[in-house]
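*Asks:* Protein chains in written order, with the working numbering: chain F, 1 to 426; chain G, 1 to 426.
Think of the hints as simulated: they come from the structure by calculation, not from any bench.
Please note that the accuracy of each hint is not assured.
Since the list can't tell identical chains apart, any single copy or any two copies may satisfy a pair.
List of simulated lysine-lysine pairs, DSSO-like, C-alpha gap at most 27 Å [as the list claims (entries may be wrong)]:
hint : residue 1 : residue 2
1    : K182      : K277
2    : K154      : K363
3    : K6        : K277
4    : K182      : K389
5    : K389      : K6
6    : K363      : K389
7    : K363      : K6
8    : K154      : K182
9    : K154      : K389
10   : K277      : K363
Protein chains: 2
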Amino acid sequence: MSIDQKLESWVASANDPTTDFPIQNLPVGVFHVRGSDRLGVGVAIGDKILSLHDASELGILQGWRWRDVPTLAPLMMEGNATAASLRQQIAGILERSNTSAAAHASRILVAQSDVIMRMPTDIRGYTDFYASVNHAFNVGSMLRPENPLLPNYKYIPVGYHGRTSSIVVSGTDIRRPWGQQKGEPEPSVGPSQWVDYEVEVGALVGRDNALGEPVRIEQAEEHIWGFCLLNDWSARDVQAWEGQPLGPFLSKNFSSSISPWVVTMDALEPFRVPMAKRPVGDPSPLPYLTSDRNASRGGIDFTLEVWIRSAAMRARNVEAMRLSRASFSEMYWTFAQMLTHHTMNGCNLQTGDLLGSGTVSGKRREEMGCLLERTRRGAEPFELPGGEKRGFLEDGDEVILRGYAERDGMRRIGLGECRGVLTPAI
Amino acid sequence: MSIDQKLESWVASANDPTTDFPIQNLPVGVFHVRGSDRLGVGVAIGDKILSLHDASELGILQGWRWRDVPTLAPLMMEGNATAASLRQQIAGILERSNTSAAAHASRILVAQSDVIMRMPTDIRGYTDFYASVNHAFNVGSMLRPENPLLPNYKYIPVGYHGRTSSIVVSGTDIRRPWGQQKGEPEPSVGPSQWVDYEVEVGALVGRDNALGEPVRIEQAEEHIWGFCLLNDWSARDVQAWEGQPLGPFLSKNFSSSISPWVVTMDALEPFRVPMAKRPVGDPSPLPYLTSDRNASRGGIDFTLEVWIRSAAMRARNVEAMRLSRASFSEMYWTFAQMLTHHTMNGCNLQTGDLLGSGTVSGKRREEMGCLLERTRRGAEPFELPGGEKRGFLEDGDEVILRGYAERDGMRRIGLGECRGVLTPAI
Chain F
1 MSIDQKLESW
11 VASANDPTTD
21 FPIQNLPVGV
31 FHVRGSDRLG
41 VGVAIGDKIL
51 SLHDASELGI
61 LQGWRWRDVP
71 TLAPLMMEGN
81 ATAASLRQQI
91 AGILERSNTS
101 AAAHASRILV
111 AQSDVIMRMP
121 TDIRGYTDFY
131 ASVNHAFNVG
141 SMLRPENPLL
151 PNYKYIPVGY
161 HGRTSSIVVS
171 GTDIRRPWGQ
181 QKGEPEPSVG
191 PSQWVDYEVE
201 VGALVGRDNA
211 LGEPVRIEQA
221 EEHIWGFCLL
231 NDWSARDVQA
241 WEGQPLGPFL
251 SKNFSSSISP
261 WVVTMDALEP
271 FRVPMAKRPV
281 GDPSPLPYLT
291 SDRNASRGGI
301 DFTLEVWIRS
311 AAMRARNVEA
321 MRLSRASFSE
331 MYWTFAQMLT
341 HHTMNGCNLQ
351 TGDLLGSGTV
361 SGKRREEMGC
371 LLERTRRGAE
381 PFELPGGEKR
391 GFLEDGDEVI
401 LRGYAERDGM
411 RRIGLGECRG
421 VLTPAI
Chain G
1 MSIDQKLESW
11 VASANDPTTD
21 FPIQNLPVGV
31 FHVRGSDRLG
41 VGVAIGDKIL
51 SLHDASELGI
61 LQGWRWRDVP
71 TLAPLMMEGN
81 ATAASLRQQI
91 AGILERSNTS
101 AAAHASRILV
111 AQSDVIMRMP
121 TDIRGYTDFY
131 ASVNHAFNVG
141 SMLRPENPLL
151 PNYKYIPVGY
161 HGRTSSIVVS
171 GTDIRRPWGQ
181 QKGEPEPSVG
191 PSQWVDYEVE
201 VGALVGRDNA
211 LGEPVRIEQA
221 EEHIWGFCLL
231 NDWSARDVQA
241 WEGQPLGPFL
251 SKNFSSSISP
261 WVVTMDALEP
271 FRVPMAKRPV
281 GDPSPLPYLT
291 SDRNASRGGI
301 DFTLEVWIRS
311 AAMRARNVEA
321 MRLSRASFSE
331 MYWTFAQMLT
341 HHTMNGCNLQ
351 TGDLLGSGTV
361 SGKRREEMGC
371 LLERTRRGAE
381 PFELPGGEKR
391 GFLEDGDEVI
401 LRGYAERDGM
411 RRIGLGECRG
421 VLTPAI
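Next up, chain F with everything else stripped away, as it sits in the complex (with noise of 0.2 Å):
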């Protein structure tokens, strides 16, 4: 249930129209206040955070059995009805009509420049799709200019097992990966010299189902808690090595970085959208894929911004530069068709489980999103100011992701960043 447009909050920063985090959003996240050891699951509001322990000891918040524990999974585990009704009491709390709520905010309040966000949830299986068919197509082009897509590409949503272990959170620095790459007469062994940035969208698992049962799409949504920007960073060299046959490997699961807020499925219902139409031609969805709510209403409209800011420009004091920006309601697939597929063979999808979009890109060079196309691997580099030239990232380069829905009349419901700065090879 989306809450209403009009409601403002007693935390004055969620009233401007310009923040991620109004009261129509409440993404949930884990925080730690740095210097001390308050450490809790918390809603974001304007600039500020709700910290939900604090305000279940107050009596404030009802209901709630999660105490210390950081991590969203017992929560995210029990479902979507639960975290709606968990949103609608936090809207509660936090409007401006609530002035007892309010005569605690120092007691219930955290400033989000106080805290270090963490991970989540423990994520425990990491599956990377290729959803957008612009992407597929830019890539495909360069490798196979007289046949970009692959013949399964319009009947699969394709996608494959990332790695967990390495997925940290927003803010955490990423080394640059040695590998392998190609040469003559050996392969060479040395630093990453093509390290990319991918920005998507990652959905995170609620809802359990047991292996060998699949999940219909009709209700796949129920097993999506929510979602958050992922940074699939990528070895571009190493992967055009070792991608053959099994695809990709050391080129991928160095890092991939996720923003820390959680918005939840509720929060997102006055931005979906049909899913994308399909190019005159294109066949539609098999029928397992197909259902009249996916195809009314299985995107989403969030826009995916990519911004770039050079160490060089961090010491100029310049601000970051928007390298694209794209949509992803053009996606060729949704997350319920991904879900429903992944789990057609009876594959067990697990609380806190990260199912990654796949880039988003658009068709135009400022809608890609990854320098692999934007820059077609490398060879049309851009200008940063200042002047420095980029193929590819050079070490000091933070990379930023912001992810968005918005649209006239309606609070803009903010994934927030997701950051990264490349540091040198070890």
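Using the hints, position chain G against chain F.
*Replies:* This is chain G only, laid out in the frame that chain F set:
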């Protein structure tokens, strides 16, 4: 440190020359006594299990700190030296001359026939390699007759991420998966018709490494705690359609089975062999994958067998038929090389991670470790006792993997068995 080949045990069945579990082996696992709440870590000895909890309670085993925890994880985390010293102590408990321990037999031993074995540890990451050049060649020659091995094969221990949630312990039924199969004008959707097994050795990671910190080949074996059998069940029709460009996904993640007993590094000391000799003209491994120890003792002289028993054979009390036997000593890459390659980019391995060797095959038909190779994609079926024909697996077929190291004058070190029955699709 290996245990004296002449040592015998007061557990009579351990002295039988055909047992997988003489006192020289002592593999570790988690058992549950059927119909009771007795659950714990045990060591296989002949046809019995030594309960470490009970031996500790009686003061027979010293320093066992993990009481009833039904996982090997805390023990594995401590690394191989702790496991080796525990092993020496247990050999002392079980050796023939220890009459005081033998006097407690009824309290510290459990019959293997009375237990259900559990997963030995929580597997957090699963990486499957492709280290048998014979397997890669046999499969590649069906797909690309003119070019069976891709150019990276001789430089990279090729691997990819698998799914952990669907890994099950030996004895668990495997449900035939649904999937998409190639078809005209549209792909079809239905139960896979080409369900296959793959015989592999699994290595379980003990000591972890930190994100960003590669493990050099000289230290790689310090991170490998022990070995089991692995059946990486595969749906070949699904794999053929989905597998490009990002690798196998639903064709593999419906289930993988592992054997329950983990044979430690130490027990295999007498069976370490040089890395397989590469054919003339093949490149040497790159320097980061090279060490003197790996060259002289990086291999393990396991023999791996696959047996099959159909429902009709069970009904007629016909014993299982052997389908293949191959030597693990012929692998193109060692586990030390796989682990070092996996971490060269800083990827962090965690205690309990499973590394699969990939299908273990020889060159000859009776050495091929999956049906895809053995029947040439079903085109050359074989016959079972009673006349049934098989191109791929049929419902009710039980696949039994067996693995062991043996040599004249040495006690056999067995991995035990990994069993699974294919049940009908949902």
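*Asks:* Which hints from the list above does the structure break, by number from lowest to highest?
*Replies:* 3, 5, 7, 9
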